[in-house]
Amino acid sequence: MMAALDQPVDEIVRKHWQRFGRCYFQRRDYFIADTEKAAAIMQHLTKSIGELAGNSDYGSLIESANIFTYTDPVDGSVSSNQGIRIYFADGGRIVFRLSGTGTSGATLRIYLDRVENDPAMLEMETSLAVGKLAEVAAAVARIRHFTGMEAPTAII
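Just so you know, we're using the numbering used here here: the sequence shown kicks off at 241 and counts up by one.
I should point out that these hints are in silico values taken from the structure, not numbers from a laboratory. Note that the structure is predicted; figures quoted are calculated from it, not measured. Glycine included, every Cβ here is placed at the ideal spot set by N, Cα and C. Heads up, none of these hints are tricks.
FRET-style restraints, in silico, Cβ to Cβ:
id	residue 1	residue 2	range
1	Ala280	Thr311	20 to 30 angstroms
2	Ser367	Gln247	22 to 32 angstroms
3	Val249	Val318	30 to 40 angstroms
4	Asp358	Asn306	24 to 34 angstroms
Taking lysine to aspartate or glutamate pairs in the DMTMM-like style, the calculated list, with each CA pair at most 25 angstroms apart, reads:
id	residue 1	residue 2
5	Lys287	Glu303
6	Lys287	Asp330
7	Lys277	Glu390
8	Lys287	Glu375
9	Lys287	Asp274
10	Lys287	Asp297
11	Lys277	Glu375
12	Lys255	Asp358
13	Lys287	Glu276
14	Lys277	Glu291
15	Lys255	Asp353
16	Lys255	Glu363
17	Lys372	Glu303
18	Lys372	Asp358
19	Lys287	Asp353
20	Lys372	Glu291
21	Lys255	Glu365
22	Lys372	Asp330
23	Lys372	Asp297
24	Lys372	Glu390
Please take these sequences and the hints and turn them into a complete structure.
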(Lines of atoms letter the chains of each structure in order from A; the text may use other names.)
(Lines give C-alpha, C1' and ligand atoms only; values in the text may rest on other atoms or scores of the structure.)
Protein backbone atom coordinates (compact mmCIF):
# COMPACT_ATOMS: atom_id res chain seq x y z
CA MET A 241 0.00 0.00 0.00
CA MET A 242 2.82 2.36 0.82
CA ALA A 243 4.31 1.94 -2.63
CA ALA A 244 1.00 2.10 -4.48
CA LEU A 245 -0.17 5.21 -2.60
CA ASP A 246 3.30 6.72 -2.21
CA GLN A 247 2.47 7.53 1.42
CA PRO A 248 3.98 6.54 4.76
CA VAL A 249 2.09 4.05 6.93
CA ASP A 250 1.04 6.61 9.55
CA GLU A 251 -0.58 8.78 6.87
CA ILE A 252 -2.46 5.80 5.40
CA VAL A 253 -3.68 4.79 8.85
CA ARG A 254 -4.84 8.31 9.76
CA LYS A 255 -6.77 8.61 6.50
CA HIS A 256 -8.37 5.25 7.25
CA TRP A 257 -9.41 6.50 10.71
CA GLN A 258 -10.85 9.68 9.21
CA ARG A 259 -12.98 7.64 6.85
CA PHE A 260 -14.00 4.66 9.00
CA GLY A 261 -13.24 5.62 12.61
CA ARG A 262 -10.67 4.19 14.97
CA CYS A 263 -11.07 1.07 17.07
CA TYR A 264 -9.33 1.50 20.38
CA PHE A 265 -8.37 -1.81 22.01
CA GLN A 266 -6.57 -2.71 25.21
CA ARG A 267 -6.15 -5.76 27.40
CA ARG A 268 -5.74 -5.44 31.16
CA ASP A 269 -4.51 -8.46 33.09
CA TYR A 270 -4.93 -9.07 36.79
CA PHE A 271 -2.73 -11.87 38.08
CA ILE A 272 -4.57 -13.33 41.06
CA ALA A 273 -2.47 -15.72 43.16
CA ASP A 274 -5.52 -17.23 44.89
CA THR A 275 -7.45 -19.14 42.23
CA GLU A 276 -10.54 -19.23 44.47
CA LYS A 277 -10.69 -15.42 44.44
CA ALA A 278 -10.34 -15.43 40.65
CA ALA A 279 -13.13 -18.00 40.34
CA ALA A 280 -15.30 -15.91 42.68
CA ILE A 281 -15.05 -12.96 40.28
CA MET A 282 -16.22 -15.08 37.35
CA GLN A 283 -19.03 -16.58 39.45
CA HIS A 284 -20.13 -13.08 40.44
CA LEU A 285 -20.11 -11.95 36.80
CA THR A 286 -22.03 -15.03 35.69
CA LYS A 287 -24.72 -14.42 38.33
CA SER A 288 -24.90 -10.71 37.38
CA ILE A 289 -25.52 -11.19 33.65
CA GLY A 290 -29.30 -10.97 33.97
CA GLU A 291 -29.08 -7.68 35.88
CA LEU A 292 -26.64 -5.96 33.53
CA ALA A 293 -28.75 -5.48 30.39
CA GLY A 294 -30.54 -2.15 30.54
CA ASN A 295 -28.35 -0.92 33.39
CA SER A 296 -26.95 2.60 33.06
CA ASP A 297 -25.54 2.93 36.58
CA TYR A 298 -22.01 2.96 35.16
CA GLY A 299 -22.48 6.03 32.93
CA SER A 300 -23.23 4.17 29.71
CA LEU A 301 -26.23 2.02 28.91
CA ILE A 302 -25.43 -1.69 28.92
CA GLU A 303 -27.21 -3.13 25.92
CA SER A 304 -26.53 -6.82 26.59
CA ALA A 305 -24.32 -9.28 28.42
CA ASN A 306 -23.69 -12.96 27.83
CA ILE A 307 -21.47 -15.97 28.38
CA PHE A 308 -19.89 -16.79 25.09
CA THR A 309 -19.07 -20.00 23.26
CA TYR A 310 -16.39 -20.44 20.62
CA THR A 311 -16.87 -22.69 17.61
CA ASP A 312 -13.66 -23.56 15.79
CA PRO A 313 -14.14 -22.75 12.09
CA VAL A 314 -11.74 -25.52 11.04
CA ASP A 315 -12.85 -28.59 12.96
CA GLY A 316 -16.23 -27.43 14.27
CA SER A 317 -15.34 -28.18 17.88
CA VAL A 318 -17.25 -26.13 20.43
CA SER A 319 -15.70 -24.59 23.55
CA SER A 320 -18.36 -23.30 25.92
CA ASN A 321 -17.97 -20.98 28.88
CA GLN A 322 -15.18 -18.95 27.29
CA GLY A 323 -15.90 -15.76 29.21
CA ILE A 324 -18.35 -12.94 29.79
CA ARG A 325 -19.11 -10.21 27.26
CA ILE A 326 -20.75 -6.88 28.01
CA TYR A 327 -21.95 -4.68 25.13
CA PHE A 328 -22.77 -0.99 25.53
CA ALA A 329 -25.31 1.00 23.53
CA ASP A 330 -22.54 3.42 22.45
CA GLY A 331 -20.60 0.55 20.84
CA GLY A 332 -18.12 -0.18 23.63
CA ARG A 333 -17.43 -3.74 24.73
CA ILE A 334 -15.82 -5.47 27.70
CA VAL A 335 -14.79 -9.13 27.67
CA PHE A 336 -13.74 -11.01 30.81
CA ARG A 337 -11.78 -14.27 30.48
CA LEU A 338 -10.09 -16.27 33.17
CA SER A 339 -6.81 -17.89 32.25
CA GLY A 340 -5.26 -20.49 34.51
CA THR A 341 -2.47 -21.71 32.27
CA GLY A 342 0.35 -20.88 34.67
CA THR A 343 1.75 -23.17 37.34
CA SER A 344 -0.08 -21.28 40.07
CA GLY A 345 -2.77 -18.66 40.37
CA ALA A 346 -4.95 -17.35 37.57
CA THR A 347 -5.06 -14.31 35.36
CA LEU A 348 -8.24 -12.34 34.81
CA ARG A 349 -7.94 -10.91 31.31
CA ILE A 350 -10.14 -7.95 30.55
CA TYR A 351 -10.44 -6.91 26.91
CA LEU A 352 -11.68 -3.38 26.28
CA ASP A 353 -12.65 -1.97 22.92
CA ARG A 354 -14.62 0.90 21.48
CA VAL A 355 -14.92 2.66 18.14
CA GLU A 356 -14.37 6.40 17.92
CA ASN A 357 -15.71 8.32 14.93
CA ASP A 358 -15.20 11.90 16.13
CA PRO A 359 -12.29 13.29 14.07
CA ALA A 360 -11.14 15.35 17.06
CA MET A 361 -10.76 12.17 19.17
CA LEU A 362 -8.81 9.94 16.79
CA GLU A 363 -5.37 10.71 18.24
CA MET A 364 -6.15 9.87 21.89
CA GLU A 365 -3.87 7.68 23.96
CA THR A 366 -5.45 4.23 24.08
CA SER A 367 -5.55 4.18 27.90
CA LEU A 368 -7.59 7.38 27.87
CA ALA A 369 -9.88 6.17 25.11
CA VAL A 370 -10.80 2.99 27.01
CA GLY A 371 -10.34 4.41 30.51
CA LYS A 372 -14.05 4.63 31.30
CA LEU A 373 -14.55 1.05 30.12
CA ALA A 374 -11.71 -0.05 32.40
CA GLU A 375 -13.37 1.66 35.37
CA VAL A 376 -16.70 0.01 34.55
CA ALA A 377 -15.01 -3.39 34.17
CA ALA A 378 -13.35 -3.12 37.58
CA ALA A 379 -16.62 -2.00 39.19
CA VAL A 380 -18.84 -4.63 37.54
CA ALA A 381 -16.38 -7.44 38.37
CA ARG A 382 -15.83 -6.05 41.87
CA ILE A 383 -12.12 -6.71 41.52
CA ARG A 384 -11.09 -4.73 44.59
CA HIS A 385 -13.76 -6.45 46.69
CA PHE A 386 -12.66 -9.96 45.72
CA THR A 387 -8.89 -9.42 45.52
CA GLY A 388 -7.93 -6.12 47.15
CA MET A 389 -6.21 -5.15 43.89
CA GLU A 390 -6.34 -1.49 42.87
CA ALA A 391 -4.78 -1.84 39.42
CA PRO A 392 -3.99 -4.44 36.78
CA THR A 393 -0.65 -6.24 36.87
CA ALA A 394 -0.21 -5.71 33.12
CA ILE A 395 -1.68 -3.46 30.44
CA ILE A 396 -1.22 -4.67 26.89
